[in-house]
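> One letter stands for each residue in the lines below.
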Amino acid sequence: VNLATERPPPKDGRVDVGELVVQDASVEACIADPKRQQALRELLAAGNVPVFKRVAQERELAPVMRHLHNVMLSTMEEYVPIREGAKNYMRLSFGDERALVPLWGVSWSFFSWNRDLFNLYRRYASIYRLRNVLGGFPPDTFISRKAERGCAARLAVHFYPSGKGHLGAHTDPLGSHQVALASLAMSRSGRDFKTGGFYLKRMNGERLFVEDVLEPGDLYLSNPACVHGVEVVDIDTEYDPTGHAGRWVMLFPVNKVAGNTEIADSVSYES
Amino acid sequence: VSDAPAIERTTPVEIGEISILKDSVESFLTDDRRLAGLRESIASGNIVVLKSFASREEIDRLNRYLLGVMQTSMEGYVPRREGAPNHFRLSFDDERAVVRAWFASWSFFPWNQDLFSLYERYAPVYQLRNVLTGLPPRTFLGRKPEMGCCARLAVQFYPRGKGYMAAHMDPYDKHQVVVPIMPMSKRGLDFQTGGSFVARRNGERVSTEDFVDPGDILLFHSQCVHGVETVDAGHALDPLSGAGRWMFLFAVNKLAGNTQIADATMISSV
Chain A
765 VNLATERPPP
775 KDGRVDVGEL
785 VVQDASVEAC
795 IADPKRQQAL
805 RELLAAGNVP
815 VFKRVAQERE
825 LAPVMRHLHN
835 VMLSTMEEYV
845 PIREGAKNYM
855 RLSFGDERAL
865 VPLWGVSWSF
875 FSWNRDLFNL
885 YRRYASIYRL
895 RNVLGGFPPD
905 TFISRKAERG
915 CAARLAVHFY
925 PSGKGHLGAH
935 TDPLGSHQVA
945 LASLAMSRSG
955 RDFKTGGFYL
965 KRMNGERLFV
975 EDVLEPGDLY
985 LSNPACVHGV
995 EVVDIDTEYD
1005 PTGHAGRWVM
1015 LFPVNKVAGN
1025 TEIADSVSYE
1035 S
Chain B
399 VSDAPAIERT
409 TPVEIGEISI
419 LKDSVESFLT
429 DDRRLAGLRE
439 SIASGNIVVL
449 KSFASREEID
459 RLNRYLLGVM
469 QTSMEGYVPR
479 REGAPNHFRL
489 SFDDERAVVR
499 AWFASWSFFP
509 WNQDLFSLYE
519 RYAPVYQLRN
529 VLTGLPPRTF
539 LGRKPEMGCC
549 ARLAVQFYPR
559 GKGYMAAHMD
569 PYDKHQVVVP
579 IMPMSKRGLD
589 FQTGGSFVAR
599 RNGERVSTED
609 FVDPGDILLF
619 HSQCVHGVET
629 VDAGHALDPL
639 SGAGRWMFLF
649 AVNKLAGNTQ
659 IADATMISSV
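Protein chains in written order, with my numbering: chain A, 765 to 1035; chain B, 399 to 668.
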């Protein structure tokens, strides 16, 4: 379905949100098929959300979350600028007024030049490859051992703890390095958290809580110019700084390296 | 600092009485008369206890986390500079220390974030520290150092069998008149002997442990001689155990390279 002509992007750069569109082809099949890639591009341009079911198994995600939660409980965070050679790291973003977008969450970042216990870049390389071909790049761009084109892949797991976790409404920079945001659900809405979670916001104010209808291991793509955020997770639950409950998600961003001024920052739409 | 009492900076302040107050930390921040009384009391050498700032439950949760950090990481020296990371440090009778001690410590700076949002939780204690020193309440709580100094919220752990800190005085200067600490353990429950003391000019040591409970705020003049007597002396040290004495220190320290503020002074005669 080509909805691009039906939903032209507004003049401020935002793109209105369409619908979830479950794909009948695998991620790998799309990487190998330019026609499928074009169809995905059109879906994304129109603000739709292509969904790939069961890209990962829930049973392989559980140990990743267990490991990362243990890291959270046994380390002190450290700011690491995104530079070639930067180490993998954990970061806390607890209402820091310096953040471009209001945020309460924990994140673990992995760079392609490092190693990790779960070989995440090997396991999830296909997701980066799909992102790349959608952007017109060779499939293995950004996932080598070096930064490329002033950017670096930064595979990240985000944890939004029950009681506090949230992310303000915003859009992300749109460019050839990033034509789609790729998110792998790791939690089940209704079981691992009861209320809140990731949403895409339509121009009429309606919010589409994408993960309400997804399962852990499902992958979804979205247009960075669609306004999105995370509604406070389990707002009525008492926050436990050492707890595990909340929303977990794996993201596959490509970020500009420190000093790259050619790519824009995220734009907050909280106001 | 106009409000700070003028004293000779190398002479110990003689300790007075231990004064246990039910007033909250916050109540002094909004009442100038009450604040003046507290300042006067501390200047005259009294040791002031403000009861029940934190609960035992929240303290134990923090302890469990910090013990986990200690058991799974290796310490690293981090110079006190703007932007320095929070860190874990061991001070095991290191002959390079200005004041000899045996303890583990976890340091948090206001430009970083931590799991427990400690600077938000304990901001009133720093604010009280500041106004007692004659400084605006939010001094040192921003994202940058001020006056060549930085806030360093630190948890110290004195392990059973070894933990101690020699008698010393802390610098008295424009950044510091009073040293607030918060006990996180109870003698008789978490350890049996030793612990925090203050000392008279004649060398007599006065333990503060019987007057405080975990979560109380203890305030004393930075020029009062103080230290930690070996915790459960005679017990074998278990390097992986969390048994012993824990405390919070609400410090403001000079940055590396700042030579205008003196170091702490070890008092070997006590």
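Note that these hints are calculated values from the structure, not bench results. Warning: the hint list may mix true and false statements.
The calculated DMTMM-like cross-link candidates involving lysine to aspartate or glutamate, where the alpha carbons are at most 25 Å apart (straight line), are [unchecked claim]: (1) K542/B / D904/A; (2) K572/B / E412/B; (3) K851/A / E480/B.
Partner residues aside, some chain A positions facing chain B, computed with beta carbon under 8 Å [what the hints assert, rightly or not]: (4) H831; (5) H833; (6) M836; (7) M840; (8) E842; (9) E848; (10) G849; (11) N852; (12) Y853; (13) L856; (14) S857; (15) R862; (16) E1002.
The beta-carbon is built from N, C-alpha and C at its ideal position, and this holds for glycine as well.
> Does each hint hold? Answer for all of them.
Results of checking the hints against the structure:
1. Taken as a hint, the K542/B and D904/A pair is broken in the structure, with Cα atoms around 41 Å apart against an allowance of 25 Å.
2. A C-alpha spacing of about 21 Å is found between K572/B and E412/B, which places the hinted pair at or below 25 Å, so the restraint holds.
3. Proximity of K851/A to E480/B is assessed by CA-CA distance (about 21 Å); at most 25 Å being required, the pair is judged to hold.
4. Annotation: H831/A was flagged as interfacial toward chain B, and the flag is violated, the nearest CB pair being 12 Å apart, outside 8 Å.
5. Annotation: interface hint on H833/A violated; nearest CB of chain B at approximately 11 Å, more than 8 Å.
6. The closest approach between the C-beta of M836/A and any C-beta of chain B is roughly 7 Å, which is under the 8 Å cut-off, so the hint is satisfied.
7. The beta carbon of M840/A is positioned within 8 Å of a beta carbon in chain B (closest approach about 4 Å), and the interface hint is therefore held.
8. The interface hint given for E842/A is met, as the beta carbon of that residue sits about 4 Å from the closest beta carbon of chain B, less than 8 Å.
9. Hint status for E848/A relative to chain B: violated, with the closest Cβ pair at about 21 Å, above 8 Å.
10. A distance limit of 8 Å between C-beta atoms decides the matter here; for G849/A the minimum to chain B is near 18 Å, and the interface restraint is violated.
11. Using the Cβ-Cβ criterion of 8 Å, the hint placing N852/A at the interface with chain B is not satisfied: the shortest such distance is roughly 15 Å.
12. Hint status for Y853/A relative to chain B: violated, with the closest Cβ pair at about 10 Å, above 8 Å.
13. At its closest, the beta carbon of L856/A sits 4 Å from a beta carbon of chain B; the interface hint therefore holds under the 8 Å criterion.
14. Given the 8 Å rule on beta carbons, the hint for S857/A holds: about 7 Å separates it from the nearest Cβ of chain B.
15. Interface hint status for R862/A: upheld, as the beta-carbon distance to the closest one in chain B is roughly 7 Å, under 8 Å.
16. For E1002/A, the shortest C-beta to C-beta distance to chain B is roughly 12 Å, which exceeds 8 Å, and the interface hint is violated.
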